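Novice: Given the sequences, and given the hints that come with them, work out the whole structure.
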Amino acid sequence: MARILGGITTSHIPAVGNAIANESFEDPYWKPFFDGYPPIHDWLAETKPDVVINIYNDHGLGFFLDKMPTFAIGAAHEYRNEDEGWGIPRLDPFPGDARMSWHLIEEMVAAEFDITSCQELAVDHGFVVPMQLFWPGAPHNAAMPRAIPISANTVQHPIPTLNRALNFGKALRRAIQSYPEDVKVVILGTGGLSHQLDGARAGFINREFDEYCMEKIVTDPEALTKISRYELVEKAGAQGTEFLMWMMMRGALGAKVNPLHRNYHIPISNTGAGTMLLECAA
Amino acid sequence: MEFAHFDHHSPIPGTTLFDGAMAMKGYALNKMCYSFNAAENREAFKADPEAYMERYQLTEAQKEAVRHRNVLEMIAEGGNIYYLAKLAGIYHLSVQDVGAQQTGMTTEAFKQKLLDAGRA
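As you go down the protein sequences, you meet chains G and A in turn. Going by the working numbering, the first sequence opens with residue 125, and the numbers climb by one from there. Going by the working numbering, the second sequence opens with residue 73, and the numbers climb by one from there.
No wet-lab data here; the hints were simulated from the structure. Don't take every hint at face value.
As the list claims (entries may be wrong) - Some, not all, of what chain G presents toward chain A, calculated at C-beta under 7 Å:
| hint | residue |
| --- | --- |
| 1 | His183 |
| 2 | Phe188 |
| 3 | Leu189 |
| 4 | Pro193 |
| 5 | Asp207 |
| 6 | Trp210 |
| 7 | His281 |
| 8 | Pro284 |
| 9 | Asp322 |
| 10 | Ala324 |
| 11 | Ala326 |
| 12 | Gly327 |
| 13 | Glu358 |
| 14 | Ile390 |
| 15 | Ser393 |
| 16 | Asn394 |
To be verified - Here are the simulated SDA-like pairs of lysine to any residue, each with C-alpha atoms no more than 25 Å apart in a straight line:
| hint | chain 1 | residue 1 | chain 2 | residue 2 |
| --- | --- | --- | --- | --- |
| 17 | G | Lys155 | A | Asp188 |
| 18 | A | Lys183 | A | Glu145 |
| 19 | A | Lys185 | G | Ala324 |
| 20 | A | Lys135 | A | Lys183 |
| 21 | G | Lys359 | A | Ala110 |
| 22 | A | Lys97 | A | Ala110 |
| 23 | A | Lys118 | G | Phe188 |
Said to hold, decoys possible - Label pairs and their in silico Cβ distance ranges:
| hint | chain 1 | residue 1 | chain 2 | residue 2 | range |
| --- | --- | --- | --- | --- | --- |
| 24 | A | Arg127 | G | Lys350 | 43 to 51 Å |
| 25 | A | Gln184 | G | Ala347 | 58 to 66 Å |
| 26 | G | Ala379 | A | Ala123 | 55 to 63 Å |
Note that the coordinates shown come from a computational prediction; the quantities given were computed from them, not determined experimentally. Just so you know, even glycine gets a beta-carbon here, dropped at the ideal spot from N, CA and C.
Specialist: Structural data, given as structure tokens:
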């Protein structure tokens, strides 16, 4: 049966992709950020997941406002990044696991989460940057697991509630655990933490709130479901709503997790950047 | 078109909730910006912005905002920042340049504000 090893969170800021391309790892601006990743590389080398479920939010590449799925699951054999409008390099495709995708879709809909299934899905920086952070050289890293992207809407309100996001993760856990194949799974929750790109409040970052979220997501994620969506925009910034991805990931990890590693740094681009490694308790 | 139940005017200062009402208002502008994912469309816009905006049937207010390269005006006309970022890319503006413009600061001062947030 499939087994969930743990979850990893990271911000997925586009500028990180450029910094990786330019190998700016020792640059004084970037070093405090990239220093957060070697302990995660070590853990991945030790645990060797077969499948990565990459929970991210599309930013206007895979989906447009004509049809905006609240929750979408990739069901393709491979996923390609595409030009997002600023001419980033196109990479070779990321291999998927369509068989497992369809199992998850079946189980999630049976659990009354109404999913948009995607046999083609262009993946943007929200998916690609974390893959490159965790598996350097991706998609050309032999240890990189097969990927299943899950995207939640944070582009247009109404966005899901934090409670719904956590419950989505709990249903996802049951769906993964009922997969008959013997695969080891790691869950990514990408995006955040606090940032706002638009409006006269652009540049808003909230360290206190980010630190509260990083603490509670380990010990008491249920407490975070008390935060309303409006309050999330107010406290995390208009794009800080990406924290929903962290909640989805957390729900999939079970009641108790061991926090093995964390890093937090302000600013990366306009964002409070948070990285955490949470191992499922035995 | 008016939908009373959509009209929850955001009281968070400096923040526009991009909801159904804004998504309807900004549809043409955002659709144009979404087209900029393709390099050939970016070239077509650069070659003749007026014709390109006409093709996507932008409102006059949206056209004016684009002509002024004014992000706050674009947001007021229903622009969503994720799509507007693709237009900003055509002008080689970073998210810090865009932030600086919206807050009435120089890009250097805006970057300093972000660094200061890390020291708070």
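Novice: Indicate, hint by hint, whether the structure satisfies it.
Specialist: Structure-based check of each hint:
no. : hint                              : result
1   : His183                            : holds (5 Å)
2   : Phe188                            : holds (5 Å)
3   : Leu189                            : holds (5 Å)
4   : Pro193                            : violated (14 Å)
5   : Asp207                            : holds (6 Å)
6   : Trp210                            : holds (4 Å)
7   : His281                            : holds (4 Å)
8   : Pro284                            : violated (14 Å)
9   : Asp322                            : holds (4 Å)
10  : Ala324                            : holds (3 Å)
11  : Ala326                            : holds (4 Å)
12  : Gly327                            : holds (5 Å)
13  : Glu358                            : holds (5 Å)
14  : Ile390                            : holds (3 Å)
15  : Ser393                            : holds (6 Å)
16  : Asn394                            : holds (5 Å)
17  : Lys155(G) - Asp188(A)             : holds (18 Å)
18  : Lys183(A) - Glu145(A)             : holds (22 Å)
19  : Lys185(A) - Ala324(G)             : holds (14 Å)
20  : Lys135(A) - Lys183(A)             : violated (29 Å)
21  : Lys359(G) - Ala110(A)             : violated (35 Å)
22  : Lys97(A) - Ala110(A)              : holds (24 Å)
23  : Lys118(A) - Phe188(G)             : holds (22 Å)
24  : Arg127(A) - Lys350(G): 43 to 51 Å : holds (47 Å)
25  : Gln184(A) - Ala347(G): 58 to 66 Å : violated (35 Å)
26  : Ala379(G) - Ala123(A): 55 to 63 Å : holds (59 Å)
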